[in-house]
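Let the sequences and hints guide you as you build the complete structure.
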Amino acid sequence: MPYWLLKTEPSTFSIGDLASSPRRTTRWDGVRNYQARNFIRDAIAVGDEAFLYHSSCEPAGITGIVRVVRAAYPDPTAFDQHDDHYDAASKPDQPRWYAFDVQLARRFRHMVTLDALRAHAATDLAGLMILRTGNRLSITPVDTAHWRFILALSSSTR
DNA sequence: GCCAACGTTGGC
DNA sequence: GCCAACGTTGGC
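For the first sequence, numbering that gives the first Met the number 0 assigns the number 0 to the initial residue and increments by one for each residue that follows.
Some hints could be false.
Said to hold, decoys possible - Restraint ranges, calculated between C-beta atoms of paired labels, are given here:
1) Arg-105 - Pro-58: 11 to 21 Å
2) Ala-70 - Met-128: 40 to 50 Å
3) Gln-80 - Arg-147: 41 to 51 Å
4) Ala-87 - Thr-143: 39 to 49 Å
5) Gln-34 - Asp-83: 19 to 29 Å
Treat the hints as calculated values from the structure; they're not laboratory data. Note that this is a predicted model, so its numbers are computed, not measured. Ideal Cβ placement from N, Cα and C applies to all residues, glycine included.
In structure tokens:
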């Protein structure tokens, strides 16, 4: 089962917001990058797990785990003229953008900060996409070995 | 198809 | 608020 990392700015939508959402579930929408879109449309499946990463905040880092509970479907925000993510080029009969649903699975007692991840950038976490400089992709795959290592970090750091 | 300009992301 | 990185756009 593939693993993923989803970025979110907590000032827009945080893990706390997810925790207080109905059924601790939310629609992951508004993705407007083709590479990320392809992950959603072609690879992300029900049952997949993803780290929830808080970006553009202090400190940035991984705050918990979500589980995919609904696979790709056309992103409704692309059809809504009043939504910030409206895209006239995406039509219901030929959608350009996709959303999926995630449910909160686990909140880390202690966030695994970007600094903590970086401490292993040259060794156990070499190649982790979030550590690549200039990486702006909001959805990235995570190797199983990286997933397990970060899980271990989450229970050992404080 | 190239590439400069532009806009956005995200760490600091 | 700054700025590096980089995806997208649009002129040619």
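Notebook entry, point to check: Is the distance from the Cβ of Ala-70 to the Cβ of Met-128 consistent with 40 to 50 Å?
Noted result: 22 Å, violated
Item checked: Cβ separation of Gln-80 and Arg-147, checked against the hinted range 41 to 51 Å -> 44 Å, holds
Next item on the list: Kindly confirm whether 11 to 21 Å is satisfied by the beta carbon distance between Arg-105 and Pro-58.
Entry: 19 Å, holds
Next item on the list: With respect to the beta-carbon atoms only, verify the hint that Gln-34 and Asp-83 lie 19 to 29 Å apart.
Entry: 21 Å, holds
Check: Does the Cβ pair Ala-87, Thr-143 satisfy 39 to 49 Å?
Finding: 40 Å, holds
Against the hints set out earlier in the document, a violation occurs for number 2 only.
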